[in-house]
Amino acid sequence: MNVAAAKVDRPPALPRGWPRQRVLGYGLVCLWIVFLAGIAAYLVVAWNGELFAKYAPSYVTGLGVTLLLVAISIVLGAILSVPIAYARMSKNRILSGLAYAYVYFFRGTPLLAQTFLVYYGVGSFRPQLEMVGLWGFFREAFNCAIFAFSLNTAAYQAEILRGAIQSVPRGQWEGAASLGLHKLQTMWKIILPQALIVALRPYGNEIILMIKGSAIVAIITVYDLMGITRLTYSRTFDFQSYVWAAIIYLIIVEILRHAVEWIERRITIHLQR
Amino acid sequence: MQSVWTLLSWGPEGWLDDIAYGVFITVSLAAATLPVGLVIGFLVALAKQSGEPSLRLAGNIYTTIFRGLPELLTLFIIFYGAQVGIQQIIHLYDPTASVEVNAFVSGMIALGVVFSSYASEVFLSAFRAIPKGQYEGGYSVGLSGWQTMRLVVLPQLIRIALPGLANLWLILLKDTALVSAIGLTDILRQAGVAARVTKHAFLFFGVAALIYLLLAIISSFGINAIERAVGRQQVQR
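Chains as they are written, first to last, in full-length UniProt numbering: chain A, 1 to 273; chain B, 1 to 237.
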């Protein structure tokens with residue numbers, strides 16, 4: 001084989017050059033690098049060991065409060081969402097209408113308004129609540145937040161559940177019926193496993209939305225991560241308190257997002273070709 | 001004891017006029033944010049679907065940061081950050097000056113960046129739904145890149161992205177409630193003032209929630225009308 005043939009086999013790579021897009025892209029990436037490096041430099045310059053030692057433990061407690069709040073709300077919401085999703089899918093007009101109204105109200109109004117409605121509005125029913133002995137529960141801002149968040153996320157989760165169950169083809173129900181399985185067995189063994197694959201990503205998004213949404217409890221004096229951040233800022237007027245909170249929130253959300261993606265890859269292995 | 005209807009009447013006795021002003025602020029904030037968010041979101045989506053890796057990276061960093069931060073934190077960072085930053089710069093010239101950053105503009109920027117980072121994902125998936133043949137067709141009839149985008153791709157893109165964008169509009173409408181935390185007199189803030197003065201918290205926050213619900217219902221009528229109008233143009237295949 002001579003040299004010319006070898007050259008024909010593999011033409012030389014085209015020069016990559018510098019088209020406008022690449023110049024723009026490199027420029028933007030450089031801008032990001034400068035921005036992020038600027039924040040890092042700011043944190044280094046603004047570093048204050050005394051301040052850090054004083055407030056870092058309360059940031060950890062605040063993070064704990066945030067995670068606890070979200071965990072309890074998500075679990076309570078998941079329990080509550082089952083009857084709502086059932087009612088929403090039922091053939092009874094009144095039942096499905098009520099469930100629809102519930103979902104529409106909680107999805108159509110801001111979480112902040114709902115939280116205020118519970119936290120400030122519950123005072124209007126003080127005599128009634130004292131009568132049933134629930135006043136002590138609602139006096140705590142944390143409990144009010146959990147109450148409002150659970151009702152809110154129940155509405156979203158009910159829709160996720162309903163969408164996922166209805167995404168399973170009807171033939172699955174009919175096939176199970178023809179094998180003699182009763183409804184509960186069909187739901188548990190056939191429909192739900194398929195529905196959960198569809199529901200996983202929305203559920204993950206809902207948890208992320210709750211973590212981000214939970215920042216608003218700082219306004220009703222719960223000292224979660226955001227509340228601690230505001231407290232620190234109001235005491236020190238040091239802007240880095242917000243930057244640290246942003247970093248912590250970003251890390252949590254990214255961990256969750258990648259965890260959901262990993263689980264999704266795992267449970268859809270049988271579907272990949 | 002005043003009756004509920006006196007409290008909700010128009011004028012000095014009632015609070016309806018104050019709440020109506022709050023509705024005006026909320027709606028104008030959302031309406032002012034929408035075009036900003038759409039344009040930035042579209043540009044970010046363009047960057048994320050380009051063949052150039054560095055552009056994609058820059059776009060992805062934008063989305064990751066602003067989708068990962070709580071909206072309230074973004075708002076505070078922009079509001080107080082702008083205040084601190086501008087103060088520092090001005091103090092170089094005039095050490096006694098104090099700066100007040102406009103809450104409306106801060107709210108607009110914060111909600112705009114959040115909206116645009118979600119909108120860029122909607123636009124991106126719409127871009128992916130448009131077959132490559134459309135670009136090649138545009139090229140083969142002699143259209144330039146920009147013309148292909150404007151005449152061939154965009155009309156289809158809007159149709160595909162519309163449901164997602166409508167969803168984002170409803171989310172934006174709800175997110176405007178957060179600006180009450182930085183002192184803007186929106187619906188929730190006015191309701192809060194009324195609740196504090198009259199001690200009828202449940203009534204006023206309930207009214208505020210119902211107003212948000214009403215805005216959402218009106219929006220969905222509007223969205224349906226737009227979808228019908230856009231759907232009519234659709235070529236029958």
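Since the hints were derived computationally from the structure, they do not count as laboratory data. Here the structure is a predicted model, which is why all the values come from computation and not from measurement. Just so you know, not all the hints are guaranteed correct.
[Stated by the list, open to error] So, partial list: chain A residues that the calculated Cβ filter (under 10 Å) puts toward chain B: (1) P19; (2) L24; (3) I79; (4) G121; (5) F237; (6) A246.
[Stated by the list, open to error] So these bits of chain B aren't anywhere near chain A, every CB distance computed over 10 Å: (7) V36; (8) L72; (9) L92; (10) D94; (11) I109; (12) E136; (13) L203; (14) L213.
[Stated by the list, open to error] Quick list of simulated restraints, FRET-style, between CB atoms: (15) A/L14 x B/P95: 55 to 61 Å; (16) A/L68 x B/T96: 43 to 49 Å; (17) A/L256 x B/V99: 36 to 42 Å.
Note that CB positions come from ideal geometry on N, CA and C, so glycine has one too.
Tested hints:
{"no.": "1", "hint": "P19", "result": "holds, 8 Å"}
{"no.": "2", "hint": "L24", "result": "holds, 6 Å"}
{"no.": "3", "hint": "I79", "result": "violated, 24 Å"}
{"no.": "4", "hint": "G121", "result": "holds, 3 Å"}
{"no.": "5", "hint": "F237", "result": "holds, 8 Å"}
{"no.": "6", "hint": "A246", "result": "holds, 6 Å"}
{"no.": "7", "hint": "V36", "result": "holds, 19 Å"}
{"no.": "8", "hint": "L72", "result": "violated, 4 Å"}
{"no.": "9", "hint": "L92", "result": "holds, 17 Å"}
{"no.": "10", "hint": "D94", "result": "holds, 20 Å"}
{"no.": "11", "hint": "I109", "result": "holds, 15 Å"}
{"no.": "12", "hint": "E136", "result": "holds, 19 Å"}
{"no.": "13", "hint": "L203", "result": "violated, 7 Å"}
{"no.": "14", "hint": "L213", "result": "violated, 5 Å"}
{"no.": "15", "hint": "A/L14 x B/P95: 55 to 61 Å", "result": "holds, 58 Å"}
{"no.": "16", "hint": "A/L68 x B/T96: 43 to 49 Å", "result": "holds, 46 Å"}
{"no.": "17", "hint": "A/L256 x B/V99: 36 to 42 Å", "result": "holds, 37 Å"}
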